Amino acid sequence: MEPKNSGDLTINGFGASNGGQFTNVILNGKGTVNSDIECDNFESNGTGSVKGNLHSKTAKISGNGKITGNIESSMLSIEGRGKIENNAIVNRLKVSGNTSIGGNLKCEEMKVKGRITVGGNCETDLFKGECYFSIGGLLNADRVDVKLFGECSAQEIGGQTIVVRQKTSIMANLFKPFFQTFLETDLIEGDHIEIESTKAKIVRGNNIKIGPNCKIGLVEYSGTFTQDKSAIVDESRKI
Amino acid sequence: MNEDLISKKDLLELAGISYGQLYRWKRKDLIPEEWFVRKSTFTGQETFFPKDKILERINKIQTMKENLSLDELADMFSPNLTDLTLEKDELIKRNIVSSDVIHFYLENDKGDLQFDLTRMLEVFILEKLLQSGDISLEEGKMLMQVLKDNTGLIKQKSCELVMVRKLGISTCLLLVNAEAAHFENGTKVIAQLSLLTCMEEIRAKLL
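Here the protein sequences come in this chain order: A and B.
My numbering puts the first residue of the first sequence at 83, with every later residue one more than the last.
My numbering puts the first residue of the second sequence at 828, with every later residue one more than the last.
Treat the hints as calculated values from the structure; they're not laboratory data.
This one's a predicted model, so the numbers in the text were calculated from it and none came from an experiment.
Among the hints, a few may not be true.
[As the list claims (entries may be wrong)] Derived contacts from chain A toward chain B, CB cut-off under 10 Å, selection only:
id	residue
1	206
2	283
3	321
Every residue, glycine too, gets a C-beta built ideally from N, C-alpha and C.
Extracted from the complex, chain B is given alone in its bound form:
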């Protein structure tokens, strides 16, 4: 517990929200239960929150709540992949993926034009790595295969995607709940991405 904590009182003042709103958001699961940290102080029990996380979350809720209902917002923040689906064009419009990459993805995937979050994640990672020039199209296909084969894993665990290359031969792996990975000398790590972080980035763009 070395995070910066903020007391409920200070939070309400800083964010300019009322008790009613805070409790309502808690009730609608917009703020996770584990962020409510109880501590004893000289006035009795007080509730504290991890400062950065809660301020960011409140900021998001406040900017988003005009367009979305609280229930829709709750879906956005839930850690599970929800049943949100978007059209191909919508993805391009929301700046999640460029049209070149999505065409490449669809050529290989041959799926329909509706994207659920799993597919969004795949296409988003592809976009990231292809656009940065880190991987080639051929490697992109390999990447897609790995992600598709392990869809179940990605949903539940904290996953990291690693791409390495040695002597021009590249490979791609998924680290599940791993702390660190070490490679042979001369191996070049082309990319290392946390899928959770990617997920959050997508969510941020959807918001």
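Excised from the complex, chain A in its bound form:
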């Protein structure tokens, strides 16, 4: 990748480009890039779309952005609505708004406010969110720290520290009859687990704390285990 001497691509208003290598790419308005793009900085404001792969150092999508291929970027921030139809490899991901990733997501640190959908696996060191999330495969993180805002789901969750809390506010209590906030998953495995409002078939780990509104099939623990009064645990075993 040698985009050093390449120029900038700017689309203001309505326009299309064929992609290529650039230093800065700025799409304002309705810009379309028709093939792969490599650049240092990518910015899309309004309705931007890339029909191909995006490879950049930093990428920022504000408004409505769509990438039909893969994205590889050390920094990706999405404000508004972002859609990546394939895999995403990102060091730092910041989402405020709604993001969907069709394939796998791999990153080091992700902070999500809003909603995120990942079709495949989600692998990250830190997953921090106040969000809705839905992950088709495995959520694998050193530290999962989420506040649930709606119906969240993941096939499996594995990691070191997993903390799931329910969002509590007047608004949430007000809408409780309409919106159920809970997390649904088959399996949670971690060293330190603290969960609330979670439906899981199996929870395994060292130190497990089951908070209110949980419905767990089986808990296996090697260290400590505490359970809230309102939680339902069918079976628990010390191993």
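Once you've looked at the hints, dock chain B against the given chain A.
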């Protein structure tokens, strides 16, 4: 699937590692995805691993992780030839090759003193066969030629190197993804080496 399998729970206990570590290593690709075997059991889905492979790998990770970062370790275990290069002296120090053989190699190769994995493999095989006395120096040159001409193949496929001799005339061939090879009567198979195995041996020495 006749390998011995070990469940995740037993593995953690046996190896003395935590869920966090296991998941972290999985995330860093230190443990290949295909080793995670899912099976239904009476408690639901469970994950199993091929026992020997995973225990060996964990052992390596644990002994190595003090000196190398997880990313460097991931490079070590990746099946591709990575961009690791070593100096000639380093190779001798790490016991991959003896100084006699490396001088012979350099005389014929005339390359520089930096060895990437491809060249390391060549020199390692040469070392093996020359030191065991199976081949002569002249045959060693032939061997080098074969390996050099087929570098691309070696990278991608499972390759086997065969050296045969009949009536004092020797030849050398590479079998790519072959199941077996049969030779004429009276042909002596001097050496048969799997390049993948050699690669692993080198990696083990690098670790």
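Each hint tested on the structure:
Interface restraint check for residue 206 of chain A: the shortest CB-CB distance to chain B comes to about 8 Å, inside 10 Å, so the restraint holds. Because the closest C-beta pair between residue 283 of chain A and chain B is about 6 Å apart, less than 10 Å, the hint holds. Checking residue 321 of chain A against chain B: minimum C-beta separation of about 7 Å stays under 10 Å; hint holds.
Consistency note: the structure conflicts with none of the earlier hints.
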